[in-house]
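Colleague: Sequence:
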Amino acid sequence: MTDVAEVIVDVPTMQTDIPFTYLVPPELQQVIQAGMRVVVPFGNSNRKVQGFVLNVKNIDEKTQEFELKAIDRVMDISPVLNQEMLALAEEMSQTTMSFKITCLQTMLPSVMKTSYEKYFVLIDEVSEDIQFDVFKGLHEISWTEAEAQGHLPLLTRLRNEDKIEVRYEVLKRNKIKTKRGFVSLLDFEQVEEVRAGIRANAHQQQCLLAVLQTLQDKTMLYQEAQKNYGLTPGTIRSAAEKKWLQIVDVEVQRDPYANHEFKETSAEQLNDEQQTACDEMVHAMDDNQATTFLLQGITGSGKTEVYLQVIAHALDQGKTGILLVPEISLTPQTVRRFKERFGEEVAVLHSGLSEGERYDEWRKIEKKQAHVVVGARSAIFAPLENIGVIVVDEEHEGSYKQEESPRYHARDIAIWRGEYHGCPVVLGSATPSLESRARAQKKVYRHLQLTKRASSEAQLPDTTVIDMRHVIAKGKMQTFSPQLLERMTEKLAREEQIVLLLNRRGYSSFIMCRDCGYVHTCPNCDISLTLHMDSYAMKCHYCGHEEAIPKICPECHSNKIRYYGTGTQKVEEELQTLFPDTGIIRMDVDTTRRKGAHEKLLDTFGRHEASILLGTQMIAKGLDFPNVTLVGVLNADTALNLPDFRSSEKTFQLLTQVSGRAGRGDKPGEVLIQTFNPEHYAIQLAKKHDYESFYQTEMVARHQGNYPPFFFTVQIVGSHEEEITVAKKMYEIAEQLVQSVSDKTIVLGPTPKAVMRVNNRYFYQIVIKYKFESELMTVLKKILNESQQEIQRGLKLTIDMEPLNFI
DNA sequence: AGCACGCCGACT
DNA sequence: GTCGGCGTGCTC
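Under my numbering, the first sequence has 271 at position 241, and the numbering climbs by one with no breaks.
What the hints contain is simulated information worked out from the structure, not anything from laboratory work. None of these values were measured; they are calculated from a predicted model. Do not rely on the hints blindly, as some may be mistaken.
[What the hints assert, rightly or not] Restraint-style ranges between C-beta atoms, simulated for each label pair:
(1) G348 with I277: 32 to 42 Å
(2) S140 with Y572: 18 to 28 Å
(3) V785 with E585: 16 to 26 Å
(4) M807 with T93: 24 to 34 Å
(5) K801 with T208: 39 to 49 Å
Where a beta carbon is used, it is the ideal one built from N, C-alpha and C, also for glycine.
The whole structure should be built from the sequences, with the hints applied where relevant.
Modeller: This is the structure we're talking about:
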């Protein structure tokens, strides 16, 4: 009988998406466990690849029909994934149709993704020139170095001559940050003896020995010894040689919030609605019920306080909690709120952290130092045990769905983990997704509502809809209506602040020739280039292509090139002209790319160093500035015109959200919405803050269009460098689908995508809408399997279960 | 992915 | 005749 391990190797292909069996070498028998990462030889050249151990079992080697290879080495001392995570990875790979290895990697912080380094190793005599010029007298060089020096062709030839071979090295990128410290090797009496034996004027040594006496088993950092006692590293090093102490490396955590002061806050008084919601969740937690709650509460109704108290209850019971928030609202303001309540017990995971900081936060959770995790989408994989509650705030947010493989939805993972831990899951929103709201209606979720604003004096703002069809002056589109300008002037005169939202989706500035109508488009994609005035360049938002701004038309050589559309930069310039003495802050992807820029801009606005905050979607979330009394939405309906059945829902959610930004203090707020579709129900009902009517109206539209939540959807996207290849293949797939699904199921397409060509690849899509289709997954798997040959010839196929974007 | 094996064109 | 093109198939 022999120990073997089943390993998922880091080769993301369909053919290798199964466990491979490896022998456990004797020296690893006590070490290896499920959930550890290992390095294994793979393929006929035995290149080293990383793998995850799924389980270890004992088999009879006689029943083994082929020779097994042995595990090379382990990469972890203890498992990095527990049984729950291994089970979740399996589940996720099936429901999202993605490779197991991709799922496993997704659960770990990105620094723990392995990188591979290749080395060229000399195995035979080579000429002295090569020995010195290429190998620098050593017996091996790294691939990266050789490539940089342009030696690859030469080395390839040498390899064909069997003079050198290629060695694969699996690198670990996660370095635990350590600081130098020391522990005493002597007990109290031994120190006394040593002290008696050295000169009294050896101050440094005397001092160090005194420190050692107070230390006992504790570790002291060099840093502390130097700062508090003036001990130099030299003294410590020589003490180590005398065996007084031992030098050790101490793991230290980078604390991204080290410079912030947090004062502890305690629970606020809940109103009766909040209390009822809180009680229900607490009961579910105490009874280990995996109930999903939909907590629907208008802006300002105090949802966050409910989350905080439910999580606090979990901590009281010795349990843990996860709170997911959209990346965009993970602002320093919100982070502070959690830190203030839970102090050291909270770990925060978000994209603003460096890879190292992220890893440290993850380690803090793994080592059970943090019991509460606050973070964006991927924080749902936090390695917490004994979870008491999982909260998904702003559950309708699209950013909870990952847009690359594995295409998981954090809300689904939350519910899965809730089942696993027997704990409640709380979905919170002022404007729930239609799917969640419908499930609450069908009693799949427990529906709880908060209808009162927590701070009673704050009122919902007055909302005015402005019909922009009447604001076209001299046939030219205007950015600002007279009404908005008037209001802005008024507010500025009173030294109040203004937030302006530019809904930029599908609406950015491009240039066009007035004489021949030529529009500057990307050479690689079917889309017009966007004008960026800060870098004086035309950029493609799909592939990143960049070129200079043309002065004359490349087609007709006219110099009548004009800018069209409304980008944030252009609006900023217009504002500057209209209100020359007013401070304006622009927030969009360009001005917030740098780390910490987001925070800085908001702080500046918070200190009232600027009066106007102009931005895209990112300003709609969670900001709380009491002095803002006017919110202007410059173009409410650009999203409405998009060919996506969720466009009304997205518009309603956005408008409701921004309306909540006005009048949070004691001053009444006003909202002005500029639109070309003033009668549209999404706009009218957002104006009235009427979610329920919107829900009813939209459900009728979804029912008529056979859309979710009445139907499930799948999107299949194929792409290839040649249009004919992908089109043909997609027609075949659609045909096969029609043949194998029930007649109640709708197969749409294939159709070219709205932007058909991106990066010189042609994109086609098929959408499946179905109610019951038990064999669908099997059919889709079959399609993927049968497409292997084409995939190897350059076709790309992605399957997205329940996609959020159809464009 | 990466590599070996295997079958057809232009070369010492 | 051979070197090398990349189509095909396999990896415990």
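Colleague: Each of the hints needs a verdict: does it hold here or not?
Modeller: Hint check:
In this structure the hint that G348 and I277 lie 32 to 42 Å apart at CB holds, the actual value being about 37 Å. The hinted window of 18 to 28 Å between S140 and Y572 holds, with their beta carbons roughly 24 Å apart. At about 22 Å, the beta-carbon gap between V785 and E585 stays in the expected band of 16 to 26 Å. A beta carbon spacing of about 32 Å between M807 and T93 agrees with the range 24 to 34 Å that was offered as a hint.
Under the hint 39 to 49 Å, the C-beta atoms of K801 and T208, about 57 Å apart, miss the expected range.
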